[in-house]
Amino acid sequence: MQGKNKISNRQIKALLVTTIVGVGVLSLPSDVAIVLNNGGWIGILLGGLISIPFIMVINKLFSIDPGKSFFQISYQVVGRAVTKVFLFIIFSYFIMVLAYTVRLFSEVIKTYLLENTPTEVIILTMLLATAYIARSKIEVLARFAVMIYPIIVGFVIFLLVVNLPNNDFTNILPLFDIDYKLIPRAVYASFFSYAGYEILLFAQHISEDESRSLKYSVGSMFMVIGIYLVIFFITLSRNGIHQLKREIWPTIAVIKEIDLPGYFLENLDGVVMAVWVLVVYATVGPFFYACGVTIAEIFGFNSHKLFIPFLIPLIYIIALIPDNLVTVNEILGSIGNYLNVAAVVIVPIIILIAAYVRKGREKV
Amino acid sequence: MGDLVSRDLKENIEKLKYIFKDTGDIIFRSIDIGRDYKRGACLVYTDGLVNAPSISEHVIQTLFRLDKCDDFDIRYIKSNIMDLLAREAIAIPEVKEEDDLDKIVDAILSGQTALFIDGADKVLILETRGWPNRGVNQPDAETVVRGPRDGFTETLKINMTLIRRRIKDPKLKTVLTTVGRRSKTDVAIMYIEDIVSPEILEEVNKRLNQIDIDAILDSSMLEFLIEDNYLSPFPQIESTERPDSVAASLYEGRVGILVDNSPFALVVPATVGTLTQSSEDYYSRWTIVSVVRFIRLISIFISSLAPALYIAITSFHPGIIPTRLNYYLEASRINVPFPAVVEAFLMEVTLELLRESGSRIAGPIGTTIGIVGGLIIGQAAVEAGIVSPLMIIVVAITTIATFSIPKYEWASGFRFIRFIFMILASILGLYGIMLGAAVTLTHLSRMESFGIPFTAPYSGLGIKEGDLKDTLVKAPIQKFEYRPAFTFPRNRRRMRKR
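Top to bottom, those sequences are chains A and B. Take the first sequence: its position 100, counting from 1, is numbered 100 in the working numbering, and each next residue is one higher. Whatever position you read off the second sequence (first residue = 1), add 364 for the working numbering.
To be clear, the hints were calculated from the coordinates, so they are not data collected in a lab. One should not assume that every hint holds.
With a cut-off of at most 30 Å between alpha-carbon atoms, the simulated DSSO-like pairs for lysine-lysine come out as follows [as the list claims (entries may be wrong)]:
id: 1; chain 1: B; residue 1: Lys460; chain 2: A; residue 2: Lys60
id: 2; chain 1: B; residue 1: Lys828; chain 2: B; residue 2: Lys379
id: 3; chain 1: B; residue 1: Lys379; chain 2: A; residue 2: Lys6
id: 4; chain 1: B; residue 1: Lys828; chain 2: A; residue 2: Lys215
id: 5; chain 1: B; residue 1: Lys535; chain 2: B; residue 2: Lys486
id: 6; chain 1: B; residue 1: Lys828; chain 2: B; residue 2: Lys843
id: 7; chain 1: B; residue 1: Lys379; chain 2: B; residue 2: Lys460
id: 8; chain 1: B; residue 1: Lys548; chain 2: B; residue 2: Lys570
id: 9; chain 1: B; residue 1: Lys771; chain 2: B; residue 2: Lys521
id: 10; chain 1: A; residue 1: Lys68; chain 2: A; residue 2: Lys181
id: 11; chain 1: A; residue 1: Lys6; chain 2: B; residue 2: Lys843
id: 12; chain 1: A; residue 1: Lys6; chain 2: B; residue 2: Lys402
id: 13; chain 1: B; residue 1: Lys548; chain 2: B; residue 2: Lys535
id: 14; chain 1: B; residue 1: Lys486; chain 2: B; residue 2: Lys570
id: 15; chain 1: B; residue 1: Lys521; chain 2: B; residue 2: Lys532
id: 16; chain 1: A; residue 1: Lys137; chain 2: B; residue 2: Lys379
id: 17; chain 1: A; residue 1: Lys215; chain 2: A; residue 2: Lys256
id: 18; chain 1: B; residue 1: Lys828; chain 2: A; residue 2: Lys68
id: 19; chain 1: B; residue 1: Lys381; chain 2: B; residue 2: Lys402
id: 20; chain 1: B; residue 1: Lys532; chain 2: A; residue 2: Lys137
id: 21; chain 1: B; residue 1: Lys828; chain 2: A; residue 2: Lys137
id: 22; chain 1: B; residue 1: Lys486; chain 2: B; residue 2: Lys532
id: 23; chain 1: A; residue 1: Lys60; chain 2: A; residue 2: Lys359
id: 24; chain 1: B; residue 1: Lys771; chain 2: A; residue 2: Lys137
id: 25; chain 1: B; residue 1: Lys833; chain 2: A; residue 2: Lys215
id: 26; chain 1: B; residue 1: Lys548; chain 2: A; residue 2: Lys6
id: 27; chain 1: B; residue 1: Lys570; chain 2: A; residue 2: Lys305
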């Protein structure tokens, strides 16, 4: 078929947005507000803008040899042994992200939907369900993402429309009262919320039109920045900065206060959390897939399907290491953040530089 | 290649009689041709499958009269007698020569007549098929208020005609093959040559050729044999009783598969988009159809999720619904001795029982079952306090929603996963339902129909080209300038703009 085993650039865009937007957005407004107060938006904006050059690096990486996968390019440029080391870094990053996301979300579910269910059960069922999509091809992930994409966009629009009449937008001010020394910390706080664009490493080479996919991936980044900013301003204007800083899940807190005219659903937070299960599923799925593909490549297997079931206990154990929500952020969050920088920023840059050095040498 | 026909009539007949031993419905009619020099001949056919008056009038009588013609002396004709007979004597529209005995047997069994003549090494196969048909009736499963009322019958030829009448284009191709080693069921693959994507057509041929089974009794059996994922609860091939629906699909670049003895035609590829279309959509005004399309999407959710949501809300998340509704719900359930799960399963199983018995039993008694089930059990169960009235409402809405999905198999898929959702809801509440929904969506995304993603156009393929115009809503016919893109048609333009 003309379009078989290919994904369109629109699908890549949807895949990026659904992978990036996940659990992070539920806590992001207070994370940055704690550091920068009303100026938290600048942390969100910069955190997103900083990610764009890294997307460009990944994109450039694929232009070394169009049509080849990330693994093939890496083998070609830095050799097999170094690539395997890189892959191991990427693999441990994915494991960390998965453990972090799954644990965090199970805490959210426990708070808002299933008070009496053990965390272990929630984590395990989540992993078992996502294992199904993780065992699929990347095309399936892309198709799934396109169907989840309207849910995210619809959620943001819904939040905006419902809150517009009630919110006090003077709460946003002062916009530019920012302590500039704290900006790096705010960026650090928001940077991890933008993790997920590395799925490009596994998707871009089968894009229908690789030359134009940069436009779409950068576009999806702007989309995410927009979504995060809208949610930040809504949570800020709804309750003011002091309450925002106290909330653990400010986004859900805002939803909890919504009173729908017509009085059909009383507590929207439960409903939204239920819908958010789909969104988180669309985040965990691609990470899980990428994790499986990476470990399969380390062991030299063509199919990643075999590895997915063995990853479930590993992620499950790591996710249960922290005792409570605070230590989840301290342990899994910070390790994940460092590995994020290593796996998504440093590794592609090294490969790209190595490629240029090689090219230069060949010319001489 | 089997045995060839010999020049000796007796030997041929003996061979045939051996093949058709103890087969009461095969008729051997021996006659002699010629006045002075008698030449033996024998007609072999299956009783009941042939048009007997036509044989006696156009074959036997003309053969008897041959001796009255002066220039047609049977003595001098030897080698090309079959050709001569076909040209000058036998008044049957379609005849052909055959010398392979196996093929002759197949022809006889399919209702054709074999004419053996002594001294000829070929046999004349006469097209004499004719058997009692059910006439072209209104389709039972897919009725329309406005639109054509003819439906397929059990006879392949009639079905092909019904489609041909709607596509008078030489590019409409009908390739005939047979499937089934013993049943030798005729199967027709229909497509419009310059629209259909060659890849899809090749895939259809490949899968049909791979089948090695002894009998096909209905198109559904063929469907299960050639679909992509036979373990799935959802159909990946569309089946329809309506010739207009098949013709419309062919114009979209899809492939129709007609099976003899089955009033249901298969259409491939099928997607989520095409399975929620009904042929009446195209005969009604676009505004209301767009609304109805939306309602169908909702009814998919209701039919698979409603009882599960009832379980989840009553046992896990009573806080989601308004407090006053909650009081009412609790008050109505106060006499119900079971948890919501048992209550829901009880009612759903009762309903499935009613549906099953109602569809197995003929007309008038079926109505009785409806009365017994609907009025007596429903009313009595509530009064006895076994189920709450709200549960009855939920079950009723679920069932009605199931019937509003136009394709029966597609609706049955959701009917099946409803029970899985109910189990998930009883263990993990809303979280379980949403995990189930995510897995179902994944399953749909994983499926393909003849190489086409099953979730098209909602999952990307064809959105850019505007396929949502005819799936999510239905735009006015003026907007359908191009064929849908999901079938990769070779010729995209359907209409010139005015």
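Numbered hints the structure breaks, given as an ascending list: 1, 2, 3, 5, 10, 12, 14, 16, 17, 20, 22, 26
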